[in-house]
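Make the full structure from the sequences, and use the hints.
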Amino acid sequence: MRLERRETASRTALVLAPLAAIGVTLLVCALLVAWAGAPVGRTYLLLLEGGFGSRFALTETLTRATPLILTGLAVAVAFRARLFNIGAEGQFYAGALAAVAVGGLHQGTGFGLPDSLLYGLMVLAAMGAGALLLIVPAWLKTRLAVDEVVTTLLLNFVALLFVSAMLDGPMKDPTALGWPQSVAIKPELEFGRLLERSRLHSGFLWAIGAALVLQWINRATALGFEMSAVGSNPRAASFLGMRVSAVMLKTAVISGALAGLAGAAEVAGRTGYVTLDMSPGYGYTGIVIAMLAGLSPLRVVVAAIFVAGILVGADSMSRVVGVPNYIADVIVAVSLLTMLVASLLVQYRLRPSRPTGT
Amino acid sequence: MMPDLLDTLGTATFWVAVLRIATPLILGTMGVLLCERAGVLNLGIEGIMVAGAFSGWFVVFVGNDLWVGVAAAALVGAAFGLLHGWLTVTLALSQHVSGLGITLFATSLSYYSYRVLFPKVSSPPTITPFGEMHGWLDSVPVVGPVLAALTPLTLLALAVAPVLAWLLNRTPAGLALRAVGENPAAAESAGISVGAVRIAAIAAGSALMGVAGAFLTTAAFNAFFFNMVNGRGWVCVALVVFGSWRPGKALLGALLFGFFDALQLRLAQSAGDVLPYQFWLMLPFVLSILALIAVSRKAAYPQALMKPWRKGER
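Line order of the protein sequences matches chains L and A.
For the first sequence, our numbering assigns the number 1125 to the initial residue and increments by one for each residue that follows.
For the second sequence, our numbering assigns the number 17 to the initial residue and increments by one for each residue that follows.
Since the hints were made in silico from the structure, they are not lab data.
Mixed in with the good hints there might be a few duds.
As the list claims (entries may be wrong) - Example chain L residues on the side facing chain A (calculated, C-beta under 10 Å, incomplete): (1) T1132; (2) F1203; (3) A1269; (4) V1270; (5) L1277; (6) G1293; (7) T1345; (8) P1358; (9) A1360; (10) F1363; (11) G1446; (12) I1451; (13) D1453.
Claimed, not checked - Chain A residues, not near chain L, derived (Cβ > 12 Å throughout): (14) W83; (15) V179; (16) A239; (17) A254; (18) L272; (19) F276; (20) S304.
Just so you know, even glycine gets a beta-carbon here, dropped at the ideal spot from N, CA and C.
This is the structure in structure tokens:
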């Protein structure tokens, strides 16, 4: 088979392609659900209900979407400049740890600072820690051409082990009865609830705000233009007088800070402290979300809510019909692959290859 | 502490540990190398190792021979490789994203299958894994006692590297593979089908990754655990860069890595109170990053790595 570029991408194809991708995903996963011995239609219905079907489901989904929007944005902004940040998972933990270091490591004294100042410092520290963890691989990429994909991946493991060491050592909660858990942040620093009787917190607003700011940066600022120029053609960008390394490092700061903010939002909005299992792969899921969204900040919000709904829905569906909730991860992974193929087939058509020499 | 350390290095058990740790890394590294020499990055390795670990173990668990399990893991690996090949070669999609997608897909599918097949087990079901070889190997001088205490899969891994080097450098198939990885346009005009060679290389490399995973469940341990691959796949991707895409150097890198990891385990035992154990566990990942930095100046990437090939398109 070979690819042939379409003269014009038809409007119908643009609309139908994502729908076809979702259709194929549901079909593949239907086979897996049937294999588990559950009724397929009911399972999907329960999944949808569990994710979006009630006030409780919706607020839970938006709560789960909060860190996913932020890690999704972190990946989207980096990939747009062709900085392949696969380390949002580690940056998330760096942010969470920094949030507790500022918000909780003062034996209740708050370092003698007013709460509002401490709140700001906590968020800034989290963003700084996330950024720092990405600046190193970005600098190695620009300076020594060390592939950032591998270094950011490896740093995820370093970061998680560092968190584990901190939870055993200086940041350990002595009252946690042996569970690896950090001290909690000062209650006054916790993000406020957005709605009564729900866990939805103001971190969601931070996430939406971040998406809007990023959209504005992309559309209306010189930096946004530079990032996309560096991403699409670094040589041309440097001929235009852009300093490619500087743009790359700025991108790294923004991307790492967003992932760090996700960690702070989980700590201040949901748990109050750091545990080793507080992220079920938010950093990696962020990559899927960024790709599903075509790297557009506003569409990241939509994709994150979609993915969060599936994750939340799968948990409640699993309790009813007994299909393992790992089906959610399968749905997310398959939808990434089908969406990739669909977006390609909008621009190209597949033709059976002719024998060579004709 | 120094005399202790020297004692440790002199024991056969230490070198057995080195080779045991290195085995999945050697197999995985050779798999990545095969894909990359043909011009395709395969970040699916982490997930393919999980799928190999699960399928290899499961096939043995239902009553088949251990080698049937290994073959099944290779087949499952090759199947995911074909999918990656179709996405990145035929459809010319982003190799980064497709590879990560394969990792997420293979991992989640393995975990899902495990939970469907074993819904209510509290402790993982076990198999009888590959045993130590012993027999005539014990009588070989110097290396005998070390080799005899290993499983056949380690010998297989040690053999794969020279075979791969010979295939790449001394056979027409190897020449074709290197050609499509360095200069696909020239390869095409020499009558080589770039797509077919690339897809075959990815499938073969992914089969090795599957076997690397199976080593964990059929030789290193006797059961399948979640998170058991734990970043080994990514380490392999780093080792290929460290080994400048040459099987011999990459083998050396994997062995060096096994050496430091085994040393780290011993040091954590004897000097665990100096540093928390997590810092010892970090060492392999930090070393991989340092290795990448060390070779960065002279990294000789295959020229067409990560460049999709669309016939007749510039």
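Verification of the supplied hints:
At its closest, the beta carbon of L:T1132 sits 18 Å from a beta carbon of chain A; the interface hint therefore is violated under the 10 Å criterion. This hint holds: L:F1203 has a C-beta 9 Å from the nearest C-beta of chain A, less than the 10 Å allowed. A cut of 10 Å between beta carbons decides the hint on L:A1269: the least distance to chain A is about 6 Å, and the hint holds. Residue-level restraint check for L:V1270 holds (minimum Cβ-Cβ distance to chain A is 5 Å; threshold 10 Å).
Interface restraint check: L:L1277 against chain A, minimum CB-CB distance 4 Å, threshold 10 Å, status holds. Interface hint status for L:G1293: upheld, as the beta-carbon distance to the closest one in chain A is roughly 6 Å, under 10 Å. The closest approach between the C-beta of L:T1345 and any C-beta of chain A is roughly 26 Å, which is over the 10 Å cut-off, so the hint fails. Look at L:P1358: its Cβ only gets to about 14 Å from chain A, farther than 10 Å, so that hint breaks.
At about 16 Å, the closest approach between the beta carbon of L:A1360 and any beta carbon in chain A exceeds 10 Å, and the interface hint on this residue is violated. Because the closest C-beta pair between L:F1363 and chain A is about 19 Å apart, greater than 10 Å, the hint is violated. With a cut of 10 Å, the hint placing L:G1446 at the interface with chain A holds, because the nearest CB-to-CB distance is about 7 Å. Interface hint status for L:I1451: upheld, as the beta-carbon distance to the closest one in chain A is roughly 6 Å, under 10 Å.
Of the supplied interface hints, the one on L:D1453 holds, with its beta-carbon coming within about 3 Å of a beta-carbon of chain A, less than 10 Å. Distance check for A:W83 against chain L: the nearest CB is about 27 Å away, which clears 12 Å, and the non-interface claim stands. For A:V179, the shortest C-beta to C-beta distance to chain L comes to about 26 Å, beyond the 12 Å cut-off, and the non-interface label holds. Separation of A:A239 from chain L is adequate, the least Cβ-Cβ distance of about 18 Å exceeding the 12 Å criterion.
For A:A254, the condition that its CB be more than 12 Å from all CB atoms of chain L is violated, with the nearest at approximately 5 Å. For A:L272, the condition that its CB be more than 12 Å from all CB atoms of chain L holds, with the nearest at approximately 16 Å. Distance check on A:F276: its Cβ is at least 14 Å (rounded) from any Cβ of chain L, clearing the 12 Å threshold; non-interface status holds. A Cβ of chain L approaches the Cβ of A:S304 within 12 Å, the least distance being about 5 Å, so the stated non-interface status is violated.
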